[in-house]
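Q: Given the structure of chain A, go ahead and fit chain B onto it with the hints provided.
Okay, here's what each chain looks like letter by letter:
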Amino acid sequence: MSREAVVVEGLTVVTSPAGAAVVRDVSLAVRAGEVLGVVGESGSGKTTLGLSMIGHTRRGLAIDAGTIRVDGTDIRALDHSGLRAMRGRTMAYVPQDPGTALNPSRRIGSQMAEMVRAHGRSRDEARDRIAEVLADVGLDDPARIVRAFPHQLSGGQQQRIAIAMAFACRPRLIVMDEPTTGLDVTTQRKVLETIRDLCASYDVAAIYVSHDLAVVADLADRVAVLYAGELVELGPVDEVLYSPQHPYTRGLLMAVPTVESARRLVAMEGSRPPMGVGRTGCAFVDRCPVSTDRCREVHPDLVGAGSPLHHARCLLTDDAAGREQVSLRPVLGVTTPMELGAEEKPSVLAVGDLRATYGAKAVLHGIDLSIREDECVAVVGESGSGKTTLSRCIVGLHRSWTGEISLGGEALTPGVRNRSRTSLVRLQYIFQNPYASLNPRRSIGNVLMQTLERLSDLDRAARYDRVLETMDAVALPRRLLNSFPDQLSGGERQRVAIARALVVKPKLLICDEVTSSLDVSVQASVVGMLRDSQEQQSLSVLFVTHNLPLVRSIAQRVVVMRAGELVEHGDVAQVIDRPAAPYTRQLLDDLSRFGSSHRLDRVDAVADSSTTTPTDGKAL
Amino acid sequence: MSSASPNTAFQLRRFEWLHVLARAARSARGRVGLGLTLAVLAVAFAGPFLAPHDPNEVGVVPAFAKPGAGALLGGDSLGRDVLSRLLAGGWQIIALAASATALGVVIGAIAGIAAAYLSGWTDNVIMRAVDVLLAFPQIVFALLLISVLGSHLWLLVLAVGLSHAPQVARVIRSASLDVAERDYVQAAAITGVRPPKLMRQEILPNLTTPLMVETGLRTTYSVIIMAGLAFLGFGFTLPDANWGYMINENRIGAAVNPWAVFAPAIVLAVLSVGVNTFAEAVTRCALTSDPTTRAALEAGEPVTAEVANADSGLSDGDRRLT
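From first to last, the protein sequence lines are chains A and B. When you line the first sequence up against the numbering used here, it's residues 635 to 1254, in that order. When you line the second sequence up against the numbering used here, it's residues 130 to 451, in that order.
Keep in mind that the hints were calculated from the coordinates and are not lab data. For every residue, glycine included, the Cβ atom is placed at its ideal position computed from N, Cα and C. Certain hints may be false.
As the list claims (entries may be wrong) - Simulated restraints on C-beta separations:
#	chain 1	residue 1	chain 2	residue 2	range
1	A	Ser1172	B	Arg158	55 to 61 Å
2	A	Asp774	B	Lys326	54 to 60 Å
3	A	Arg692	B	Ala398	39 to 45 Å
4	A	Ser744	B	Arg158	37 to 43 Å
5	B	Thr251	A	Ser1123	36 to 42 Å
As the list claims (entries may be wrong) - Here are the simulated SDA-like cross-link-like pairs (lysine to any residue), alpha carbons at most 20 Å apart as the crow flies:
#	chain 1	residue 1	chain 2	residue 2
6	A	Lys1139	A	Glu1103
7	B	Lys326	A	Glu1103
8	A	Lys1139	B	Gly321
Isolated chain B (complex conformation):
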């Protein structure tokens, strides 16, 4: 930049977490995790358009027919095509799980950062509330809300999201405690920055790694809880297909056509494993490329950090994102 043209917008590492994600996706572990996840997402979102039969058409094949030419995964309890129902029954669960995760992480992160930075009675109020919520098992909490307020999709999202928030708050609070004590936060405080802005501008950007990992973990739980609620018959309109309820409605015929139960169970399992594996890859990647982690390393042990930098020969150019 030349001094003649004062372009005074200087860089922030606002999007470096994308860079970490990209690096994680290139690692061996990340490739496996991302591959599994994307495969299931492809099935779920492209599936409705690819289904060979109307998923709700009764009597395509005999009830619990074995897999064959007419239906690759056989028939279900009402003789509907299992493959078509499998292809059509994913997107709703995944969309709801994703929304619930987003809600839970946002609420939890705000609560966690506020508790850590404001400390004192704010911390006590937030964390004791968290303790109370944590006393309920997540699914019981969701069932409680739904049984009181009725079965609506938005309520499903709200219930699952709220049940995640306390757990996210705990993790983010402990991560923020470390960041909030750092000198750069205090340096901003003594130039008169107010707490809300300070939390948003100085603390939050340094929490991207725990936030990414937490999001991955919570996504897995959301999918499982959503599928569980569907299994119990909450929230989804029948006769539309969904993976959770498919397991429930077909379990009586599992001995005759096990695929009607296994197929949805397998995609759910693959999705969980995929998301978790990718989250693990992100964690490992972030250890070496997250500037906050690196700064912490250096503050404690300058020499070690230098050696670590020298090791990853490409880091210098790699580090600069824009």
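The following block holds chain A by itself, in its conformation from the complex:
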């Protein structure tokens, strides 16, 4: 029997009935015991590719061409019952959100037993197997777990259940779709360790779909990079992430913040091409910094690049001179230092002994915080730490609090309704989700003009000039003035939301997880733009996030929160390099990151990989 657990050849998935290709002509193979990371921006087709490997397509999509062999069986030739027999036993799936994948009204034990027994085990065998696999995924007290309902378990425990169900019938292939995205870093780390161990001990091939390059660097043996539905680079993780051969991979990596050092994040220009548009040349040509005329005419093949196991779909990697040209561009680890001014300036915002409640539940227990002029202060913490409540109290959207909040010397009332217009102008807020923060019925121009109309005394012409000025500042093309939010990309929408805040020239900007729903490259451009606006006008920023590496690249000071209390605060470099609180240390330790010393269970990986072959026996 072949060692290859799954072989995909020439796979093309199209929208049905329109026929636009979502995944085009993808070929790859994954061996038993190997973890293949599939990365790419949203809309790159990575989830579609993952699902099609277990013979599933979402509604509106259809597999158009190609073969998928799982454990030697061509699953495209199977009918429904054939596929059903293979699902669970030969191939399994771990969804992104286990909360919605588990039936809330049934006990864990009965849900798992149903799955195991469907593949021909007796009741007793099933019970034994469940106990065994629950122990394997590191859940203590399996007896309690099987009697529990899903809501009685934490997010991490639920995800372990989903993983246990996937492994229960000892499949040959497991597809995981961002299984740790919703989890806190500490939980994420433990779940990743579990996945890693199980894949090795069960000798199962795993496809790990993720947008998080650091997690993939931590976990995977090999990486497949997708762009516009095409496989643009494929190779061992150390080579792809430390010596990328495709300009797109390189662009992605340059946009990723690292916790080790502050760097100016570089965003790729443009946006991905629309789905299904026929093209002759390279899909990436419009955004490629090193493209040539030939790139527009010739569609590149996936060819060997650097080492025998490393492939890239780029004309430039074909010849040595071209490779040189691509490789010369700076990547990870090469940092452009940023000057983060640390002058002592007067304070803009002072928060004293802030205590907030939701009903009878106290969520903030006495927070003290101050922000100086032109300063960016990051608030980090895991979900439930109260960081969003803190920002909502300041802006006036959360009203049940006691304590003091003063903005430029003026005390702020709890509700927004009693605040003076001056304080409304001075304090602006940007919401987390740009898909929800813009009224779908208002054009961009209307939103910006109206905000100014309410909060300034400018006449119509002056308002219009200010709107244009602000749009230029956030790099929004003026032609979008009459567009509606649903005609814009996620990055453009977040720029509109930022423009709406900046158009009144505030003193303090509160950003609540503003980049967490954006792709890394878009995140880089939004962060860059925020920093530019900070330099151009006197502006302080309170940047709320769970993303520690990003903090390093944007803030001067950082505040760490946990369960409604301040755990630690200080200069970014000091807190990240020499954390004083055990909790901060824990957060930093559990962070998935690039770099050799930190790999999950790998001995060593070297950045200079062109001469190194992976030492790990499990890699190809």
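A: Relative to chain A, chain B alone:
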């Protein structure tokens, strides 16, 4: 738009609901619904001018005469021409039903949005009042008002409209709860917009789909209740024809000339089915083309929405209305 001529009036999607209606009218289901509705409306409003006889002329044919050359649908209890009475007896019921619907939807929508956005005690007061009103069957509520205040046309409209308002308020409240929680409403609130303006400018425009569907549904009920009240003899002056009372006055002779009863019953049924079918078409259409629904889809599941957009190939140009 060029920066040289600052035309600073930017687009709002104020009339996009018309666009949704137009799309619904082009769908197969919508065509059937609209066709049936328009046919009945044509009969009702053009009918009075087309009637072959004076609808109130007694003894055109013998009482309950069978359909024949003199009277295509036969005669009624007083020997009047059923066809003429059918043609003349619709417009009043439909006009009253439409007014009552408009009144009910306006009052209900205001109450529903206010309850959802203001929450707290306002919500409690409004919704408990709604509960009390809902405890009465609609027709009993209308009869109660009419029997106390007398039988007037304006009272009919008021009574039926008021009896709709609680039901509309419930539906619109639950739809607004979703919209009121959205970030763009809060974003407007923190720029100091007062609640009435906020409800009108940020919430209401995003409720056009439930409002359209609710209006269709309430129209059907209004027609039925108006016809029912007419059947019971309220509000309409005799001997003028109306579909509801025609059923009542001719039922004694239904065995002799069933058309005198069936004809008005059939037009009422066709109208209800037509309006309902069209409302259903609007619902289905709005799911894919209403920007509020789309935004909700995208907020939850960006990728799915992208796929959905790619599917409807024409949506991009289609979406832009003005």
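Q: Now look at each hint and say whether the structure bears it out.
A: Results of checking the hints against the structure:
no., hint, verdict
1, A/Ser1172 / B/Arg158: 55 to 61 Å, "holds, 59 Å"
2, A/Asp774 / B/Lys326: 54 to 60 Å, "holds, 56 Å"
3, A/Arg692 / B/Ala398: 39 to 45 Å, "holds, 42 Å"
4, A/Ser744 / B/Arg158: 37 to 43 Å, "holds, 42 Å"
5, B/Thr251 / A/Ser1123: 36 to 42 Å, "holds, 39 Å"
6, A/Lys1139 / A/Glu1103, "holds, 11 Å"
7, B/Lys326 / A/Glu1103, "violated, 28 Å"
8, A/Lys1139 / B/Gly321, "holds, 16 Å"
The structure shown violates just one earlier hint, number 7.
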